[in-house]
Structure formats: C-alpha cells, structure tokens
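**Student:** Sequence:
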Amino acid sequence: MKALSLGIVTYLAFIVAVQANQYIPAHVESHFAKAPVVEDSATASSSSSSDAETTKQAEFAAVPFIFSTETLSTAFGAAGVLKHAGQEQASAVGIGLYTSNESWVGFLGLYNYQIPTLDQWLFSAETYQGYYTEGIYYLDDHESPIEEPARVISEGNEGYTRLHIKYVLPIADGAKGAAASLYKPRNNIEWNPLTSGTTSIKFTPYSQYRELTINPDLPETARGYEVQFEWDNRNAQYDPTDGGKTSLTIKHGFAVDDFKDWTLWEFEQSAFFNLGETHWFNEQVLAANVFIADTPTWNDYDSSTQQYHRPPSFAGVYLGGFERSRGYSSKQFTGRSAVNYSLEYRVKPQWQPLQHWPVFNLYDIPWWQWVVFIEAGKVSDTFSAQALHTDMNFTAGGGVRLEVEDIVVRAELGVGSEESQFWVMVNQPF
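In terms of mature numbering (1 follows the signal peptide of the UniProt record, and there is no 0), the sequence shown is residues -20 to -1, 1 to 410.
Hints listed in this document are in silico derivations from the structure and should not be mistaken for laboratory results. Computed from a predicted model, the values in this text were never measured in an experiment. Incorrect hints may have been included.
[What the hints assert, rightly or not] Using 25 angstroms as the maximum straight-line C-alpha spacing, the simulated BS3-like pairs for lysine-lysine come out as follows:
hint: 1; residue 1: K146; residue 2: K156
hint: 2; residue 1: K36; residue 2: K156
hint: 3; residue 1: K182; residue 2: K225
hint: 4; residue 1: K182; residue 2: K146
hint: 5; residue 1: K182; residue 2: K156
hint: 6; residue 1: K36; residue 2: K146
hint: 7; residue 1: K225; residue 2: K156
hint: 8; residue 1: K225; residue 2: K146
[What the hints assert, rightly or not] What follows is a list of derived Cβ distance ranges for each label pair:
hint: 9; residue 1: W347; residue 2: P44; range: 24 to 32 angstroms
hint: 10; residue 1: I181; residue 2: P96; range: 16 to 24 angstroms
hint: 11; residue 1: Q287; residue 2: Q335; range: 54 to 62 angstroms
hint: 12; residue 1: V352; residue 2: T54; range: 47 to 55 angstroms
hint: 13; residue 1: Q67; residue 2: L228; range: 26 to 34 angstroms
hint: 14; residue 1: T49; residue 2: P196; range: 21 to 29 angstroms
hint: 15; residue 1: N167; residue 2: Q335; range: 40 to 48 angstroms
hint: 16; residue 1: D282; residue 2: E257; range: 40 to 48 angstroms
hint: 17; residue 1: T54; residue 2: I133; range: 15 to 23 angstroms
Glycine is no exception: its CB is placed at the ideal position from the N, C-alpha and C atoms.
Model the full structure from these sequences, guided by the hints.
**Tutor:** Take a look at the structure:
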C-alpha cells in the first residue's frame, strides 16, 4: 500500500501544477525526489547500524490520470515512482502527459545514488521536456525589464537537464555517511554545525531552454552550474518543530549565443518554534522563512556587443508559485533581485477523523495539520532595502496538510492582491 501512495502523491502534485499551467520542472527535485526515501526513526536506526547490509525490495507504482483545463484541453498520462531503486536510499520518478491540443510533457528523475567507497557523496540526475500549444508566460524585454511583466499565451517548447553532485561533510549528522544523513528525526538541536545538523555542498551543472513563438528574440538557452552550501539543522525533514535550515546558492550562466554570462545568488533561512500543545491541538508550530536573491552582474554592460550580463527570465530571480508568494502565478515576477518573507502557524488538531473515512482508511495517516500563512515579497531591478520593501506583494492563505505513508501532502489557497492560486504539492514549502 505504501508504494501505491507514492504514486498517488506524485500524481496529485503534478496534476494541480499542470492544471494551472504552472508546471515548474526546476522544482521537481526538491518536491518529488526526497519523498520516497523517508523512513520512520526505527527503520532509520536499524538501517544505519546492525542491518546495514540488508537491501530493501524495490517498490513500484504507476498511476494513470485524465483531466481537462482551458489551456491544455483534455490531457491523459501516467506518473510512476520506484522506491529503493537499485539502492536502499535511491528513488526514481517518471511522468508522461499528452493532451488533445497536442501539448506534451515528459520527466525522468533518478535521486540519491551512491558510488561504492564514496560514502559522503550522493548523485542525482533529472531531465524534463515539455511542449505547450497554449502556455501561460510572464514576459518582458531582456534589456529593459519591467517589474510586472505582461501575461501572454504562447506556443512554448521548454526543458532542462541537471546533474546533482552532493557532498555531505563528515561532521555531526553526516559523520555516518551521506545516506545515513537522509534519515531523521533527531532529538537534540544545537546551534553549532560541528555537532548538530547536516552540512553539505552541492554542485549542479545544468542546461535549460525555453523557446516561445510569440517572441523569438528573447534568450532561449541557459547553461551553467550552481553551487549550494546548506546547513540543515531541523529536528525533522518534513514536519519540523524545532531548529532551522540555512542555504546559500550561487548560480552562474555561461555566455550562450549572443547573450553574455551572468551570476546570481540566493540566500534562504528557515526557523521553527514549538509553541506546545493545548486542549484542542496536539502540536503548535510557528514557522518562519526569509528569502533574498540578487544578480550582481545585472548592470554590467558590454559596449562592444551592447549586451547586459543578465540571465533569461526563466533562469533568473523570480517570485510566484507554490513556494514563495503563493497568491500569484508561477514566475509572475522576475528581475534582478527579490525578497520574500513567509510566516506560518501550523497546528495538529486533537480531532483526527481521516483514518476512519472511506479511501483514507486504506492508508496510514497518523496526523493532519491545519495551516494559516502570510507572505510579503517584492522583485526589483535595484538591489536595495528601500526598493525591495516598497509596494510589496502580499499573500494570505490557509490549507490542510497530512502525512500519507511517510509523505507530507499539502493543499492550500493563497490570495494575492489581484488574484488567488490553489496548490496541491508534496512536502512543506520550507
């Protein structure tokens, strides 16, 4: 039953993203790859000690689906997940979709593989291709961007390929190897990376493209690499109640065709505060997140080619989507720099009827969670505190999250100043 639920979760997340025509391939790794490797603490302890040589049997599920939307017409396809895909900690995800208006999507991801003797390393790879006859995009001029790009519908051809090479430092939770560091929870949180949490460095070469018939003069290709430094000091990976997570990502794009190279950075900090339990709630958590990004090469100008060192909008800094500024469409705001603040109040009610409802009672659902959240974000072509905190875009919303067979599924509504968005996705937003 657990393998089946993995397929259902993948299907739910993918369906809602596509129905809004906001499928974000760049986020598949963070939202799909991690789910199949989660185990309970007892299993984790056993796997990392006396039963280290035991390999679990692979679990596979494929779920067909069919739906209809305004931009995709009638769509049908399938999503599949393979857990313990050759190695106990590894997983594979595949998605295929075709529509009556001749749009299509294909995705394949392989995650958390290890090479013998390289105990501190994890290797992942993913590739995506999509063709949309009526895709929704937010566009501006590459050389003269505006803060609120125009919403257009265009024929689009897009995709990417990524290779993730992750090194887990042999300190604190990484002392027993990279695979063991995937398994949580932990009991004691200390604010010292030498004794608490998992510290890692990830190198990601990538190639990404987007071709739009409505404006063929825009940049169509981005190639380069990302380097991410991360300290994950949460007490649990998917439903933390204590600790925090810090990450710094540096992304560089090579010069491609007639467009110059560029560099951007992103900093993200999350923190979690346990507010205890009450007569009504088993658990109360205040979760906070700060995201800051900038493109320092934005105003670097090459007079010989009359080109700025700026990323294509599909590869640069943005807000909007199921992670940040959730009341707005995906990548609705693009530009040089961005800031986004998120605050969530998460509670687990004492009342939990899901385990007794039809269909739900087929699965292990130990808890559900009610969430309300507020967000404030801004994208600007100037990197300054004043520019990033003037005329900010606000979001307020709420939703329900539940654990289904060790996977967190969330459904939430975000309301922005001019529109609202409904999202279904796996894992917490931060």
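**Student:** Does each hint fit the structure? Answer for all of them.
**Tutor:** Here is how each hint holds up against the structure:
no., hint, verdict
1, K146 x K156, "holds (15 angstroms)"
2, K36 x K156, "holds (19 angstroms)"
3, K182 x K225, "holds (15 angstroms)"
4, K182 x K146, "holds (4 angstroms)"
5, K182 x K156, "holds (18 angstroms)"
6, K36 x K146, "holds (23 angstroms)"
7, K225 x K156, "holds (20 angstroms)"
8, K225 x K146, "holds (17 angstroms)"
9, W347 x P44: 24 to 32 angstroms, "holds (29 angstroms)"
10, I181 x P96: 16 to 24 angstroms, "holds (21 angstroms)"
11, Q287 x Q335: 54 to 62 angstroms, "holds (59 angstroms)"
12, V352 x T54: 47 to 55 angstroms, "violated (36 angstroms)"
13, Q67 x L228: 26 to 34 angstroms, "holds (29 angstroms)"
14, T49 x P196: 21 to 29 angstroms, "holds (26 angstroms)"
15, N167 x Q335: 40 to 48 angstroms, "violated (27 angstroms)"
16, D282 x E257: 40 to 48 angstroms, "violated (60 angstroms)"
17, T54 x I133: 15 to 23 angstroms, "holds (18 angstroms)"
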